[in-house]
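Chains as they are written, first to last, in our numbering: chain U, 4 to 114; chain S, 457 to 568.
Hints are computed from structural coordinates only; laboratory data are not their basis.
It is possible that some hints are incorrect.
Claimed, not checked - In silico BS3-like cross-links for lysine-lysine, where the CA-CA straight-line distance does not exceed 25 Å:
| id | chain 1 | residue 1 | chain 2 | residue 2 |
| --- | --- | --- | --- | --- |
| 1 | S | LYS507 | S | LYS526 |
| 2 | U | LYS56 | U | LYS100 |
| 3 | U | LYS100 | S | LYS507 |
| 4 | U | LYS100 | S | LYS526 |
| 5 | U | LYS73 | U | LYS60 |
| 6 | U | LYS73 | U | LYS100 |
Unchecked claim - Interface residues of chain S toward chain U, partial, derived using beta-carbon atoms under 10 Å:
| id | residue |
| --- | --- |
| 7 | ASN486 |
| 8 | GLN493 |
| 9 | GLY496 |
| 10 | SER513 |
| 11 | GLY515 |
| 12 | THR553 |
| 13 | LYS555 |
Think of the CB as a built atom: it goes at the ideal place given N, C-alpha and C, for glycine as much as any other residue.
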Amino acid sequence: DAGITQSPRHKVTETGTPVTLRCHQTENHRYMYWYRQDPGHGLRLIHYSYGVKDTDKGEVSDGYSVSRSKTEDFLLTLESATSSQTSVYFCAISEGKTEAFFGQGTRLTVV
Amino acid sequence: GQQLNQSPQSMFIQEGEDVSMNCTSSSIFNTWLWYKQDPGEGPVLLIALYKAGELTSNGRLTAQFGITRKDSFLNISASIPSDVGIYFCAGSFSSNTGKLIFGQGTTLQVKP
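Sequences and hints are given; from them, build the entire structure.
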């Protein structure tokens, strides 16, 4: 298994509150990604990083920000959570190839 | 956004049967991948395809990169109960990043 740890694994939060999800990797891979998974949509890319402090938007980036201050950590922040952001969030890593390896996911519920 | 059409959406088969699922796109991809997801887990990579026409096997799984680069299929031979799960196709315009576009998934159930 790829050395990817997501935290927390489950979280319930209230609408309007800030939330930060963490992804930690031990593989020293250059690329890191945040995807969200919703029924009927498969997985969709939120943001990705191609190096420390280098990030870019994905398909569904509105309402999300990211930061990568170290190779091993990639943070996803919801500045003001909304019910539409209730989802399962997956972190993934890759190195020089298209093959991305996924973490176990974080189930976020916004009430 | 980009769309991958994956079919069928679900399958219920008898143990020992062969399974086939496919993905089509209106866009040309440089890479096709197939993942499997078990309940409560992240997707696990099964097969990656990098060349049009490429046919690749991984045990009982066989996948092909369509010649038009707009489609791919996955076959599972002699299904077993542990094949149960959701199978996703994913395409990429890149050959060196994991920026993927996913299909909606095929849910496979296997009856012993």
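Under 10 Å is the threshold here; is the Cβ of S/SER513 close enough to any Cβ of chain U for the hint to stand? Violated. Min distance 17 Å.
Assess, step by step, whether the Cα of U/LYS73 is no farther than 25 Å from the Cα of U/LYS60, and give holds or violated. At roughly 19 Å apart (the allowed maximum being 25 Å), U/LYS60 and U/LYS73 satisfy the hint.
Taking the closest Cβ pair, is S/GLY515 under 10 Å from chain U? 17 Å, violated
Restraint: S/GLY496 near chain U, CB-CB cut 10 Å. Satisfied or not? Hint on S/GLY496: holds, closest Cβ of chain U at ~8 Å, below 10 Å.
Between the alpha carbons of U/LYS100 and S/LYS526, is the straight-line distance 25 Å or under? Given pair U/LYS100, S/LYS526 holds - Cα atoms ~20 Å apart, limit 25 Å.
For U/LYS100 and S/LYS507, compute the direct alpha-carbon distance and say whether it is at most 25 Å. Holds, because 14 Å separates the two Cα atoms, which is no more than 25 Å.
Hinted pair, alpha-carbon criterion (25 Å max): U/LYS73, U/LYS100. Please report holds or violated. 21 Å, holds
Holds or violated: the hint that S/GLN493 contacts chain U, with Cβ atoms closer than 10 Å. 9 Å, holds
Return the status of the interface hint for S/ASN486: holds when the least beta-carbon distance to chain U is below 10 Å, violated otherwise. Status holds, d = 8 Å.
Status of the S/LYS555 interface restraint (C-beta, 10 Å, chain U): 6 Å, holds
Mind checking the alpha carbons of U/LYS56 and U/LYS100 for me, to see if they're no more than 25 Å apart? Answer holds: U/LYS56 to U/LYS100 is near 21 Å, not above 25 Å.
Holds or violated: S/LYS507 with S/LYS526, Cα cutoff 25 Å? 12 Å, holds
Consistency with the previously given hints fails for numbers 10 and 11, ordered from lowest to highest.
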